[in-house]
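Peer 1: Residues per chain, in single letters:
Protein chains: 4
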Amino acid sequence: MTTTAHLSEDSELARLYRDFTAEHLNPLWTQLDSLMPTAPAPRAIPFVWKWSNLYPLAERAGELVPVGRGGERRAIALANPGLGGAPFVTPTLWAAIQYLGPKETAAEHRHSQNAFRFVVEGEGVWTVVNGDPVAMRRGDLLLTPGWHFHGHHNESDQPMAWLDGLDIPFVHYTDAGFFEFGAEGVTDESTPDLSRSERLWAHPGLRPLVGLDDKSNSPIAAYRWEHTDAALAQQLALEDEGYAATTEPGHAAVRYTNPTTGGDVMPTIRAEFHRLRAGARTRPRRDVGSAVYQVFAGSGGFRLGDDVQKVGKGDLIVVPSWVQWSIVADTDLDLFVFSDAPIVERLQFGRTLVSRNA
Amino acid sequence: MTTTAHLSEDSELARLYRDFTAEHLNPLWTQLDSLMPTAPAPRAIPFVWKWSNLYPLAERAGELVPVGRGGERRAIALANPGLGGAPFVTPTLWAAIQYLGPKETAAEHRHSQNAFRFVVEGEGVWTVVNGDPVAMRRGDLLLTPGWHFHGHHNESDQPMAWLDGLDIPFVHYTDAGFFEFGAEGVTDESTPDLSRSERLWAHPGLRPLVGLDDKSNSPIAAYRWEHTDAALAQQLALEDEGYAATTEPGHAAVRYTNPTTGGDVMPTIRAEFHRLRAGARTRPRRDVGSAVYQVFAGSGGFRLGDDVQKVGKGDLIVVPSWVQWSIVADTDLDLFVFSDAPIVERLQFGRTLVSRNA
Amino acid sequence: MTTTAHLSEDSELARLYRDFTAEHLNPLWTQLDSLMPTAPAPRAIPFVWKWSNLYPLAERAGELVPVGRGGERRAIALANPGLGGAPFVTPTLWAAIQYLGPKETAAEHRHSQNAFRFVVEGEGVWTVVNGDPVAMRRGDLLLTPGWHFHGHHNESDQPMAWLDGLDIPFVHYTDAGFFEFGAEGVTDESTPDLSRSERLWAHPGLRPLVGLDDKSNSPIAAYRWEHTDAALAQQLALEDEGYAATTEPGHAAVRYTNPTTGGDVMPTIRAEFHRLRAGARTRPRRDVGSAVYQVFAGSGGFRLGDDVQKVGKGDLIVVPSWVQWSIVADTDLDLFVFSDAPIVERLQFGRTLVSRNA
Amino acid sequence: MTTTAHLSEDSELARLYRDFTAEHLNPLWTQLDSLMPTAPAPRAIPFVWKWSNLYPLAERAGELVPVGRGGERRAIALANPGLGGAPFVTPTLWAAIQYLGPKETAAEHRHSQNAFRFVVEGEGVWTVVNGDPVAMRRGDLLLTPGWHFHGHHNESDQPMAWLDGLDIPFVHYTDAGFFEFGAEGVTDESTPDLSRSERLWAHPGLRPLVGLDDKSNSPIAAYRWEHTDAALAQQLALEDEGYAATTEPGHAAVRYTNPTTGGDVMPTIRAEFHRLRAGARTRPRRDVGSAVYQVFAGSGGFRLGDDVQKVGKGDLIVVPSWVQWSIVADTDLDLFVFSDAPIVERLQFGRTLVSRNA
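Chains as they are written, first to last, in numbering that gives the first Met the number 0: chain V, 0 to 357; chain D, 0 to 357; chain R, 0 to 357; chain H, 0 to 357.
Since the hints were made in silico from the structure, they are not lab data. Cβ coordinates follow ideal geometry from the N, Cα and C atoms, glycine included. Take these hints with a grain of salt, some might be off.
Here are the in silico distance ranges between beta carbons for each label pair [claimed, not checked]:
#1 Trp224(H) with Gly184(R): 38 to 44 angstroms
#2 Arg17(D) with Asp213(R): 47 to 53 angstroms
#3 Asp212(R) with Ala232(D): 39 to 45 angstroms
Computed far set for chain H versus chain V, every beta-carbon distance over 12 angstroms [what the hints assert, rightly or not]:
#4 Gly123
#5 Phe148
#6 Thr190
#7 Arg276
#8 Pro283
#9 Arg302
#10 Val336
Please build the complete structure, drawing on both the sequences and the hints.
Peer 2: Structure representation (structure tokens):
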């Protein structure tokens, strides 16, 4: 409508617009399309980071940058190329490679932001969550829900690197974050195989009577690879036996859940693990909300919009909101994924469009 | 107030009461005390059934009474002596010993009533729940939620007896029950170690993506002893290490839960397992609602009101509403218990009174 | 199966049955049909109490029976003819006519049982609920949720009678009830038009900031006739204008709700008001759970199973579980109804079967 | 930690940082303070827009800018000075003055964004929501939940301006928005006093039986001033009578709610109305999340951090996250407020710090 304005009006209009600006006002009609597009038009773009590039950079950071109070963590964030250099993999999510050298310690702190770690390779680090030492091993998902103290220490002679996932961008955006320093070092230096949280909580279908109160976060600090792997293997075996157990043919998947509610592990972050048989492909789909995949094992291709990218172990793939995506497994393909689906769903913005053709 | 009535009034009153009766009316004021006592005054009484009496009677039934269509199950119900001979262990709950001889089969049926089985000894029977064969072994809790088809077959050369728990009295009382015959025999005669429901669902903190819908009953058909035992052992070990993990000193306990909600396994029945160290004693308490214990291992004493009874393996103990109870463990003592707590709590009638002195 | 027993077995069987009885055991197979019928077979029967009979009996009780501490209330309960003379209109529900003479007072008490009053005619009584005086007028629904102190006082020169509804049978059955005497007289003798609860809570869609905590009962003490009447009139007017607003043609209906949840007013009792246009008829249906109707205005017929009964103002009609029922309105017909639907639904036993033919 | 780097390291470090950038990576340690401050440090600032400035600018827009398809609405957004000129009053919320001239129509459309209108003065416009014409009058709150079609038409000879509130920034940020054009004009040009939604739903504590399904948005399209005003007046009257009804002395407040849940009217937006007596002051407090106030009547002062601003009718005040704020009422003071509290609370980020001193 503004394009049809006559010239003489235009000068009054120009004055009006200047007066808007002076009064900290901004008209809707000149920018409706960008503010309210007919479908999500994310600035974040689909992108793939290769593990073969990430790990050497993390190693170099390990040599050059000490871990210490103030900077807190040697974490290198994936910066979505569409987001102007900010350390945000999507508008809501943070994904980083954290690197801890032999015998290094990352001191304790806590923050409102919800965090997890996923281990694509290595072991020897314990993360200490509210005083509970949690071993980190290949394939494990480790939780650090908001406002839990946590620090890490590497007890081995080898460096270790892992994926950190947080809701830093979301908390930053909503101005909801608090941060507090904790102990230098970690408060418990013991190195048990299982955390106390697992010993209390990681028994299928069982809840300790000391833990009957509602919890907004999962009380399980570590979701171990052996359980994830077994659950996926069983789904594929059941499929072979003719029973409905997989989400699509050749596609097994589990969601990590809070056993006190059956819901997501943390209020803002969903985490799942997917396994595709060699040759399987997922139906193309779009979802409101953004997700980040990490290849745990195997190789395959991600179609993101019109583009296909080959991926292998450790590679990280970001799928922005409403981008059409699908996966083809060249070999058996294991994928960890996390997303902001709880934000989208709890606020009733969820939509999914699944293509009829695989 | 009626006791102060004069005689001349009384004859009019007597006529009034007769007219009430003729019109199917009944005055509150003559029976308030029994209808609305100051605290629950259950007709059901505390009672103990000895396994040493129960099992031989079940064996004799096995010899004399065939299992067949019509009677359906060779189940012998505990009839609370306070309830006038009805086969109800409490007003809401049914508890029975079911006995299946070598190679016998109990044909399939389904009903609105929620059911479980708990195995205090033996093995060799599979219960087939909606077509899924579920092995029954010592220490296992097996679920048959309402309206699931189920039958049992004994594949061994030994008879097997177990505890059946249901909400038959409650469903009968509320006129909520439906019943339907199913297949003669069982629909799947295979004898796997693990049911398909466990393969899909019994992984700690993991939910299959094919099972994201809400479920009013637990989708896990079998809660295996190895998990229950491990969870209890861990609680006691954590206590030894100085961490809060037990409900009272020397008293470990888990609740069986529906992993899709974190709540009770079935809408009307709560099930838990408790382990007391030798010498431990529970705080005397009263609860609204009724419960039935079965000793799984060890020996000890139940104080029920003013009475103490010694109990050992297999013995069944009923605790009616608001009766004060406490337990002393003579040896290490393992106890299965089920109750109508979900009924009480969902309808907001829950109250508990815990004594300060252990 | 028992019928085919041979004689020689029979004597052993007879001995077994005697031994069962001696040990407080009771076999399932001899009574399965009555315990677990193929569909609900309630002992309670459909029945109608005529107001023209009830009210004179209440008046006579008013003359003969004082209201006083101990008997507490001059309440005359409807005793379902199928329930053996117990003062229960259904297995779960209590319905009574309470009668209070001019200037009489019913002293305060409280109990776990949830209660309401519905006024089919008259006014002049205030019920004082936790110290809040609540005027009772024709068409009003007044709540006394569990464990709220309450007493009544009649400020007028006329007697007043009303319908009391409670969950006394259910609470008695589950042994969940507590009772406590309160003040002699009532704690607040003022006679405001509106209770404080209404002034705070009865504004459509608005919640006071002092009342943001969860409440298991509605905080509204009185649902006034003017609101109920207006809501029903609007539904029929909208139907006339061509919009979907009625539950069936000519059948308007509202449910009384807890504004803090949108759910039922109390944990065990549902209350609704229905209005049928003259000539309207409801579809025959069966529901699990029991209900009691009171005709508020107009006349019509209730079909209950195969029987049709004519009803008019004040008459009370009980519909046991799974009995097929339908209503025909001879004139415009206003009906209050309460039921145990929250018990049935919260415990997942709900089923409804609606006939295709009106 | 990076500040202590030696020069020779620095050049390697500089190279590392360049390589990070080339690979779309971004280290945490250089920016922790801004990303994860010890308490929320919003870019949005506290600010006041004066109605005396806003309205004339809206009038000028009314003369110069047509309302038409494409720009859709003559809405002038408040652009928080801290947010770089974007039309966002806070990071999550949109607030705008919308202006519709005599006999003008704003055509129908729908979008994922949740919207409301609040009327500080004037009348004569109907907003048509999913075909239901809703009159807009002084003091009314009108809802347009996500994906409801809506258009407006002014039936009077006077222009009308009102406050629009939406979650446009949040939906833009999360890439969750869809938009669709609807009818030219409005689909129902009738001008009833009450919308059909009110006739069906706006009866206190009553729910139509046709509306028993769960609803994520309030089904009430209009919250009328007469109800809001009465609720607030009653709270103050109850306070005068000595009863707890106000949130603080002299401070009455109601929350607009979804009657089907008792929760907020829409998934992302909370709306409330507050009334302060002349001379009353609120306790200084900080909350996570952002809010926008509009003065409806009276005058007073807002303390925002260390700054106090005088406000009067129509003025709009923004309170960013964790800014300390308090209000003093110079006269009786009526305030409408909306906020993103549902976002904060559903995602478990809520925190409030209330000062002890008023």
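Peer 1: Hint by hint, note whether the structure agrees.
Peer 2: So, going through the hints one by one against the coordinates:
For the hinted restraint 38 to 44 angstroms between tryptophan 224(H) and glycine 184(R), the CB-CB distance of approximately 41 angstroms keeps it satisfied. A hinted range of 47 to 53 angstroms holds for the C-beta pair arginine 17(D) and aspartate 213(R), which are about 49 angstroms apart. Judged by the Cβ atoms, the range 39 to 45 angstroms given for aspartate 212(R) and alanine 232(D) holds: they are separated by roughly 40 angstroms. With 12 angstroms as the threshold on Cβ separation, the claim that glycine 123(H) sits away from chain V holds: the shortest Cβ distance comes to roughly 22 angstroms.
Look at phenylalanine 148(H): its CB is around 15 angstroms from the nearest CB on chain V, clear of 12 angstroms, so calling it non-interface holds up. In this structure threonine 190(H) is separated from chain V by more than 12 angstroms, as the shortest Cβ-Cβ distance comes to about 26 angstroms. At the 12 angstroms boundary, the C-beta of arginine 276(H) stays outside the reach of chain V, the nearest C-beta of that chain being 32 angstroms off. With a cut of 12 angstroms on Cβ distances, proline 283(H) stays outside the contact zone with chain V, its closest approach being about 18 angstroms.
With a cut of 12 angstroms on Cβ distances, arginine 302(H) stays outside the contact zone with chain V, its closest approach being about 19 angstroms. Distance to chain V confirms valine 336(H) as a non-interface residue, since its nearest Cβ pair spans about 18 angstroms, more than 12 angstroms.
Comparing the model with each numbered hint stated earlier shows that all of them hold.
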